[in-house]
Amino acid sequence: MSSNAEKTFIAMRSSATKRSTRNRDNDLCTGYEEENVRTEGISQINLQNSEGGVQKKRSKKLAKEIDHDALAKNVVTSENNMSAFGPNDPDDPLCDPNAPRTIHFEDVTSAAFMIKHGILTTPCMKSQLSDMCGMELYLKKDFLQVTGSFKERGARYALMMLTEEQKKKGVISASLGNHALALCYHGKCLNIPVTVVMPIIAPIMKVQSCCNLNAVVVVRGKDMGEAKRIALEIAQEKQLLYINGYDHPHIMAGQGTLGLEIVEQVPDLDAVVVPVGGGGLIAGVSTAVKTLRPHVKIIGVETEKCPSFDAARISGKPISVPIQPTLADGLAVPTVGYNAFVTANRLIDKMVVVGEEWVAISILRLVEVEKSVVEGAGATGLAAILSGCLDELKGKKVVVLICGGNIDTTVLGRCLERGLAADGRLIKFSACVSDRPGGISDLCRLMADLGVSVKDIVHDRAWLTNDLFSVKVKVICETRDLDHSKQLIEVLKQNYDRVTFEDVPSPGKSLP
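In full-length UniProt numbering, the protein residues as written are 1 to 512.
Keep in mind that a hint or two might mislead.
[What the hints assert, rightly or not] Label-pair distances were calculated between CB atoms; the ranges are:
#1 Leu144 x Lys428: 32 to 38 Å
#2 Met125 x Gln324: 47 to 53 Å
#3 Glu368 x Lys238: 46 to 52 Å
Just so you know, these hints were derived from the structure itself, not from any lab. Yeah, the Cβ is synthetic: ideal placement off N, Cα and C, and Gly gets one too.
Let's have the full structure, built from the sequences with the hints guiding it.
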């Protein structure tokens with residue numbers, strides 16, 4: 001660990017102006033000129049001589065390497081294209097598979113200093129789920145940013161690092177929602193024109209929110225791959241800079257500021273659990289945390305529906321994987337970023353893949369216990385702990401990133417119901433009862449005596465061929481917990497000869 005790096009970071013954080021939530025919006029929309037921010041920092045931090053600190057030299061070098069105007073004018077098609085979009089599509093200019101860029105600690109601290117007036121320092125509090133999980137669990141709630149996700153960090157830094165000419169022309173990006181929201185919001189605050197291309201599968205709520213921020217919103221493409229190709233074509237045509245939402249060097253550096261806050265808020269942590277989609281978040285966080293706390297374990301989590309980073313680690317390079325519909329739609333990236341992979345792969349201690357049921361259960365737990373509404377991608381890190389994939393962390397101090405809270409209300413309802421079913425608390429069964437008066441009421445009375453809540457009940461006479469005096473009843477009911485469900489099942493079997501139960505998607509918990 002570099003003690004100078006840590007001292008520099010602490011000095012930087014302590015010098016930051018403490019602003020109240022009441023006047024934050026006014027501060028954000030004022031905007032801060034880059035030179036003013038740099039001048040302010042000279043009296044607070046040694047920009048030139050701190051080892052691993054905020055280095056003005058380094059920032060200028062990185063800005064020089066990334067000549068935005070030149071790149072925007074020279075988006076070309078390569079015959080040897082290794083991207084996920086085919087040989088006839090324009091390349092992402094800052095994500096060259098043949099020359100990937102690695103970010104460093106000084107890039108992250110530079111980002112932290114640049115964006116400190118426009119980003120909330122979100123809480124990282126001990127969770128009430130700690131006893132249930134058998135560890136000292138801390139939740140870093142970055143979904144409390146204005147637009148509901150960690151994406152604001154990288155978006156603001158990338159916009160602030162543009163040249164004056166590029167700020168006038170504007171930027172473009174492709175996104176399923178969170179990156180688009182962050183870019184549109186901070187583009188509005190900094191008076192930078194923003195265009196976003198969103199695939200048709202993007203949540204309606206996120207599309208409308210981007211429109212409300214006065215951005216140009218293009219809804220085209222069946223998935224992220226097509227949306228990105230379209231965005232790159234528009235960038236070439238309109239001379240706009242394309243900002244990759246997870247692989248742009250400034251985006252990764254901005255996301256890494258989360259790692260700086262985590263180390264400051266929980267200095268004696270043992271592990272950090274990070275949801276992984278395109279890889280930008282884990283690249284930035286691991287760069288920051290491993291520099292300040294080399295012993296801390298960095299663990300990435302993906303869903304089984306799109307394990308693109310895990311596949312890249314196995315193959316040794318980013319490869320395209322098929323995407324299936326997933327509750328964690330924000331992580332559904334078919335190919336991880338080249339820069340992100342090169343930066344993060346050497347720093348990650350473990351990658352785990354979790355099932356959809358555990359994501360649903362995590363959303364349910366966060367609502368019920370933490371009183372926090374989060375999206376599937378934001379709950380994926382907790383899913384790895386609840387599923388038992390990380391039992392080696394029991395008894396340790398662990399930080400889990402809860403990084404996104406943008407979820408449609410209809411999707412939230414489905415997630416909660418699926419979570420209840422996976423948790424063994426929502427039971428669906430059918431039984432044949434007498435079609436005489438009192439037959440169905442006897443069944444309802446039996447469930448009421450057990451304290452079971454009936455959610456839905458329908459009966460069917462027409463399709464019973466062997467008994468004209470019986471009716472088939474289909475019931476969905478809610479129980480207190482798995483043991484309560486088992487009790488209900490036993491009582492039903494004792495009282496009814498013909499009773500069948502639907503398969504319960506309860507991972508690792510089979511009902512009789």
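Exercise. Do Glu368 and Lys238 keep their Cβ atoms within the hinted range of 46 to 52 Å?
Worked result: 47 Å, holds
Exercise. Within 47 to 53 Å or not, the Cβ separation of Met125 and Gln324?
Worked result: 34 Å, violated
Exercise. Does 32 to 38 Å hold as the CB distance between Leu144 and Lys428, or does it fail?
Worked result: For Leu144 and Lys428 the Cβ distance comes to about 36 Å; the hint holds.
Going through the hint list in order, the structure does not satisfy hint 2, though it satisfies all others.
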